[in-house]
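Since the structure of chain A is provided, determine the placement of chain B on it from the hints.
Quick mapping for you: the protein sequence lines, in order, are chains A and B. 1 is the number of the first residue of the first sequence in my numbering; add one for each residue after it. 1 is the number of the first residue of the second sequence in my numbering; add one for each residue after it.
None of these hints come from the bench; they were simulated from the model. Where a beta carbon is used, it is the ideal one built from N, C-alpha and C, also for glycine. One thing to keep in mind: the hints can contain errors.
PhoX-like cross-link-like pairs, simulated, lysine-lysine; straight-line CA separation at most 20 Å [as the list claims (entries may be wrong)]:
1) 88(B) - 22(A)
2) 39(A) - 93(A)
3) 22(A) - 113(B)
4) 28(B) - 93(A)
Stretch by stretch, here's where chain B covers chain A in the computed footprint (C-beta under 8 Å, at least three residues) [to be verified]:
5) 9 to 19
6) 60 to 68
7) 114 to 126
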Amino acid sequence: MADELSLAVFQEWFSDTIPQNKALGLQVIGVRRGFATMKLEWQPHLVGNPETGVLFGGALTTMIDGCSGMAVATMLTEPAPFATLDLRIDYIKPATPGQAVIAEAECFKLTNNVAFTRAVAHHGDPTDPIASSAGTFMMGTKGTVLQAQTLGARLAKGAAS
Amino acid sequence: MSDYLDRLRKARDEGDLAALGEAIPYAKWMGMAPENSTGELLTRMRYKPDLIGNTHLPALHGGTIGSLMEMAAIFHLLWEFDNETLPKIVNITVDYLRSGRPIDTIAKATVTKQGRRVVNVSVEAWQEDRSRPVAAAQIHFLVNATS
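Excised from the complex, chain B in its bound form:
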């Protein structure tokens, strides 16, 4: 058991959701953090000019939306499941549905199938209107894998 997971477990036991985001350097740098003010676990990527990939539209870089969805899935697995290791990504497929406008983006992960070694997670990302998603992703993670 790692110090890092111990810290995350402590955060979970104490209901300290913010600690989850602060523990991952990339999440901090990108401005991604979990929230559950509405009772469901969502991950928000705060807009900042650095996230732009197309300055003419302008639109968020597709990679940042893909990253947000991966992060949302990891936060979900860390928060909802008692993993003994950090989930390890196997692959991700991202469908880009609309261009991401220069505002906050929110992602919600749902576990499609939890196996003993591998978990399949669906993620949806949207901005102001949840019924108009900007992207959808399917991700496989190895969990509780020995290596």
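This is chain A alone, in the form it adopts within the complex:
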């Protein structure tokens, strides 16, 4: 299970310092090696259908992309920049207006070139999903290594001890 320090560190690097994640108000609520959990509160400006108050699908796309990326970072024991290669999301049922959404992502395979992820979004019961997703991330892309991308080493150490 995540210790509080890991949660705080990942919250800082995956929400507070990523402008779009911060603008959405994404909260990191769970982290362990290969897994990331985030929470998104319902907010009126994220609504896609003004008749029903249902969140716009794209708000969940951003959440799932961010959460899946964080799951990849938890696997890294050495710094490596990476970027989303593709993301597929099935919208299974509309999010209930007024209710927070939880996204759980898993990075189930990391190779030299590609990381593979799956994720599910729900209102508290993962067996009753709002959205389900499969993603791939390209490893070793251009750019400076983010401090966030070295955080997996910390979790690996914790898992070994």
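Only chain B this time, still in chain A's reference frame:
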């Protein structure tokens, strides 16, 4: 028939494209709006620092580009087709081709296949150079579905 769709139909009948974007809270918040100054329906996401996902490159958050493409498809369906319900997204597949630089991004939707219940839409997104897209998406929507 909802008030919302009635408003959109009125906007369409009057050629008031801007009203389409203003009716959707998320589009307003993200700075996404339809335009047709060149005769084709495009959707633009105005750059703002809040859209960044990687501060070091810097690059737009991939999710914002995915959202823009979904929005472009919805605007296209609302503007070009006489739907009786709002299109309901079934799924989206986004291929990320290049990193999105901190400037405006534009998306164009094309209907690949219009069925009775489901429509398949292709979307392309680019920035300054249309021949160098930043992302491509395939999206399915339910249209005119009873539920």
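For the pair supplied as a hint, residue 22(A) and residue 113(B), confirm whether the alpha-carbon distance does not exceed 20 Å. violated, 37 Å
Can the segment 60 to 68 of chain A be counted as covered by chain B under the rule of three residues or more with Cβ-Cβ separation shorter than 8 Å? holds (count 6)
Three residues minimum, CB to CB under 8 Å: does the segment 9 to 19 of chain A make the cut for coverage by chain B? Let me know. holds (count 3)
Closer than 8 Å Cβ to Cβ for three or more residues is the test here. Does the segment 114 to 126 of chain A pass it with chain B? Violated: only 0 residues of the segment 114 to 126 of chain A have a Cβ under 8 Å from chain B.
Proposed proximity, residue 93(A) with residue 28(B) (alpha carbon, max 20 Å): violated, 24 Å
Hint check: residue 39(A) vs residue 93(A), CA-CA at most 20 Å. Holds or violated? At roughly 18 Å apart (the allowed maximum being 20 Å), residue 93(A) and residue 39(A) satisfy the hint.
Checking one constraint from the list: CA of residue 88(B) to CA of residue 22(A), max 20 Å. Satisfied? violated, 27 Å
In summary, the structure is inconsistent with hints 1, 3, 4, 7 from the numbered list given earlier, while agreeing with the others.
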